[in-house]
Amino acid sequence: MKKLAIFGLIGSLTFTGILCKKVNVDFDETQYDARLSGGAATVFLSNSQAFGSMIEGLSPWDSYIHGVGDKMFSQTFVTAPAPHFGGLGTIYNNVSCIRCHMGDGKGIPTAGSFNSGLLTKISVPGLDENGGPLGVPGFGTQLQDKAVNGKSPEAKVKITYQDSLVSYSDGTAVILRKPSYTLSNPYQTLPSDYMMSVRLGPPVFGAGLLELIPETTILSYANAQKAEDKGVKGIPNYVWDEATKALKIGRFGLKANNPSILMQVAGAFHQDMGITSPLFPVDNAYGQMQYDGLKDDPEITDSMLMATVFYVRTLAVPARRDIEDPQVIKGEQLFKQLNCSSCHIPQAKTGVDVRLAQISNQRIQAFTDLLLHDMGPGLADGRPDYRASGSHWKTPALWGIGLLQRVNPTAAFYLHDGRARTIEEAILWHGGEAENSRKAFMKLNTNDRKAVLRFLNSL
Amino acid sequence: MKLNKFAKTMVIAAMSGTIFLSSCDKTDKQKDMSFPEMETAVINDFVDVVAHPLYSKFEILAQNLKVAVQELSDNPTASNLDNARQAWKDVRVLWEQSEGFLIGPVDYLNYDPYLDTWPTDYQAMEALLSSNTPITVEYLTGLDDPENATELTLRGFHPLEYMLWGLGGNRDATTFTAREKEYMIALATDIHNNVKALKESWLPGTINFGEVMKNPSVTNEHFHSKKEALEAIANALITICDEVGADKMSVPYDPVPDSTLSESPYSHNSLADFKNNIIGARNVYLSSFEGKTGKSLSVLIKENNRSLDNEIKAKFDVAINSFDGFSTTFEDAIYNQRNQVQTTLDALASLQSTIGTKVIPYIQQYVKD
Chain H
1 MKKLAIFGLI GSLTFTGILC KKVNVDFDET QYDARLSGGA ATVFLSNSQA
51 FGSMIEGLSP WDSYIHGVGD KMFSQTFVTA PAPHFGGLGT IYNNVSCIRC
101 HMGDGKGIPT AGSFNSGLLT KISVPGLDEN GGPLGVPGFG TQLQDKAVNG
151 KSPEAKVKIT YQDSLVSYSD GTAVILRKPS YTLSNPYQTL PSDYMMSVRL
201 GPPVFGAGLL ELIPETTILS YANAQKAEDK GVKGIPNYVW DEATKALKIG
251 RFGLKANNPS ILMQVAGAFH QDMGITSPLF PVDNAYGQMQ YDGLKDDPEI
301 TDSMLMATVF YVRTLAVPAR RDIEDPQVIK GEQLFKQLNC SSCHIPQAKT
351 GVDVRLAQIS NQRIQAFTDL LLHDMGPGLA DGRPDYRASG SHWKTPALWG
401 IGLLQRVNPT AAFYLHDGRA RTIEEAILWH GGEAENSRKA FMKLNTNDRK
451 AVLRFLNSL
Chain B
460 MKLNKFAKTM VIAAMSGTIF LSSCDKTDKQ KDMSFPEMET AVINDFVDVV
510 AHPLYSKFEI LAQNLKVAVQ ELSDNPTASN LDNARQAWKD VRVLWEQSEG
560 FLIGPVDYLN YDPYLDTWPT DYQAMEALLS SNTPITVEYL TGLDDPENAT
610 ELTLRGFHPL EYMLWGLGGN RDATTFTARE KEYMIALATD IHNNVKALKE
660 SWLPGTINFG EVMKNPSVTN EHFHSKKEAL EAIANALITI CDEVGADKMS
710 VPYDPVPDST LSESPYSHNS LADFKNNIIG ARNVYLSSFE GKTGKSLSVL
760 IKENNRSLDN EIKAKFDVAI NSFDGFSTTF EDAIYNQRNQ VQTTLDALAS
810 LQSTIGTKVI PYIQQYVKD
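Heads up: the sequence lines are chains H and B, in that order. Under the working numbering, think of the first position of the first sequence as 1, with each following residue one higher. Under the working numbering, think of the first position of the second sequence as 460, with each following residue one higher.
Don't read these hints as lab results, they were simulated from the structure. Built from N, CA and C at the ideal position, the CB exists for glycine as well. A portion of the hints provided could be inaccurate.
For each label pair, taking beta carbons as the anchor points, the in silico distance ranges come out as [to be verified]: (1) H:PRO83 with B:VAL526: 30 to 40 Å; (2) B:ASN591 with H:PRO83: 26 to 36 Å; (3) H:GLU56 with B:SER684: 20 to 30 Å; (4) B:GLN824 with H:ALA357: 23 to 33 Å; (5) H:ALA357 with B:GLY815: 19 to 29 Å; (6) B:THR633 with H:ASP193: 56 to 66 Å; (7) B:SER809 with H:SER341: 41 to 51 Å; (8) H:GLY126 with B:ASP706: 22 to 32 Å; (9) B:PRO512 with H:PHE44: 30 to 40 Å.
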């Protein structure tokens, strides 16, 4: 009888929905500290180390692994065979993670130099077996423009810029530089129909939080934009995950072309540095004349790869600054009025991570929807990438954008290929779905434009 | 009021103590300037007493290295090889001490990787030496062909160390080939060029980073306030303690000893490198270089927390003196004097922790502008 009563109670509670209903622990919006861009994974630093801080409160073991990953992230690799850290190339773009992500931020939009942060994706029309870009025979899907001694780079990338003037109605003018990319000295003939996409590595902090934004949240953004019918119509990318052998929603990469930090990091070791890992154990030059034939794969161990992944996952987000400044507040209001926040969605809630409380269930301010948007012909690269068309780009997170100049004064460049030298230039490049927002920004008076920029610099 | 003898004695003792304490207080608290003035003086003296003189001497020693390598090339005797090796060690003292403040151009203009990239790339060096490419400083820096510039693993102190000592430190002066001489001269010239440019980047004429540090403001791209400048100096101390403790010493030591992972494995100069790193950090903390001193973080902290200042100074001494406990090279000690390695690691961790948990909060609490 007692047992029956208990079952009855559970049944009635379930029926009334009490057990099924989640407890709502969210505070009222005004109760949050607007400075906490990364929730509990926020760091109060605004100096040159602002992008490179470990989230606070990690256990001693986790701190140790973060430190191991930190060393791997900054480690220079050399030509194999070598006593340590061999395996560079034979064809590659750079020798370490840190050279393209200086101070865990960006690199410089040049190609072929020791501190160049650009990489070039290439493909030919068609799809590979997983629906991704079809590699160029003899080149693959990424061009390696450097090679170890005795080997040939796949090709060199030439960059030229052409200036154009954009003027506001008050007479103020801004010079935009439009890049042109051409390939020279290919080690073998390139097919005439190759497509290329030149991209600058983005900052890496906060990735652990972005990885935890639920897929349902991202999809809800797409549905909301569609329902609003204001010309903004983001779509999610679905891309191949080598770790699970399945298509997953894309979150990382400039076209949301990577599903996870693991794929991003292992892919960068493999394609950018020519370092094989358990996830990508075959040399990137396999089948090409640059292949070294050494039986040294994988060139980094699983534990080294995973430590690097953990390092990226546990980098904190710098806090916002000057949030009570009237100009910043005004700029934030204008940011919303201009509909910038339709794609650069200010807040999001991360899902649960039972291992890392600091990134689990956090209210964050990444200013992204992680969706692809048609950004117009001015920014188009003409190269599809899974569901991304040649004019689609993922909405980048804006947190930390105001600190780029301080983290590395030589590497504050914006947009997917670093063509914009200021945040204002970046806004003026917006087209396609963001065309209306750009036009509305251009109609603002000088003080209001300054307010928008000041707000962005507070992120 | 009548006082007995004991009480009188106590009153006199107390009064004299008060007088003593007052005078001590006046001297130690630097009443000649306000706290904000002291903040300014600390930043100015860091630039004028430590940074400028250190970089100046660094350049002189880099020039000496270039001359010594040229003489070795012209006349490859054992004596000239010894001279070149000593010149290399001498300039390393200044480089390692300068790492006590990896702030500014050395960081964001990449002079650190230009000078000190590790590890060396044996395969690339051998390939270069066996090629017909003229090995000039222009070639190393990519000035003559930017698209085909060498990687930084072929530049800086460590390839030159490899040339001068060789694996195992048994390099014979008579065995240098013409190509090796060419490479050594290019390396030493490249080092000197970089050190000279680094020195000049702090002086009027180009970036003038010394003045950038001295003039924090909202329009200063590097330092919006004195607080940020002082934090940068304190953070530099943490950075070097961490680099020596958690990286340079720990990696070859833990978990399995491996001497090939040490910083200067050919010259066995690693212990001197580490010690000079921490001496450089102490120079910054005390604003002291080559016998000259100025207003320092030490003075600034003593103003409100004398025991913290004493604690930091004591921990610097313990850490630096711990290097004298080694009776062999670091490359040997990681196998045979592991307790001594651990003693130094513990001292560095303790020092780093104190700066991180007490000095940074102190600056944040007391520095308001």
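The hints, checked one at a time:
Between H:PRO83 and B:VAL526, the C-beta spacing of about 32 Å keeps the proposed range 30 to 40 Å intact. Look at B:ASN591 against H:PRO83: about 28 Å separates their beta carbons, and that is inside 26 to 36 Å. Judged by the Cβ atoms, the range 20 to 30 Å given for H:GLU56 and B:SER684 holds: they are separated by roughly 23 Å. As the Cβ distance of B:GLN824 to H:ALA357 is approximately 28 Å, the hint placing it in 23 to 33 Å holds.
Separated by about 22 Å at the C-beta atoms, H:ALA357 and B:GLY815 satisfy the suggested range of 19 to 29 Å. The hinted window of 56 to 66 Å between B:THR633 and H:ASP193 holds, with their beta carbons roughly 60 Å apart. The beta-carbon spacing between B:SER809 and H:SER341, approximately 48 Å, falls within the hinted interval of 41 to 51 Å. H:GLY126 and B:ASP706 have their C-beta atoms about 47 Å apart, which leaves the hinted 22 to 32 Å range violated.
For the hinted restraint 30 to 40 Å between B:PRO512 and H:PHE44, the CB-CB distance of approximately 34 Å keeps it satisfied.
In summary, the one numbered hint that this structure violates is 8.
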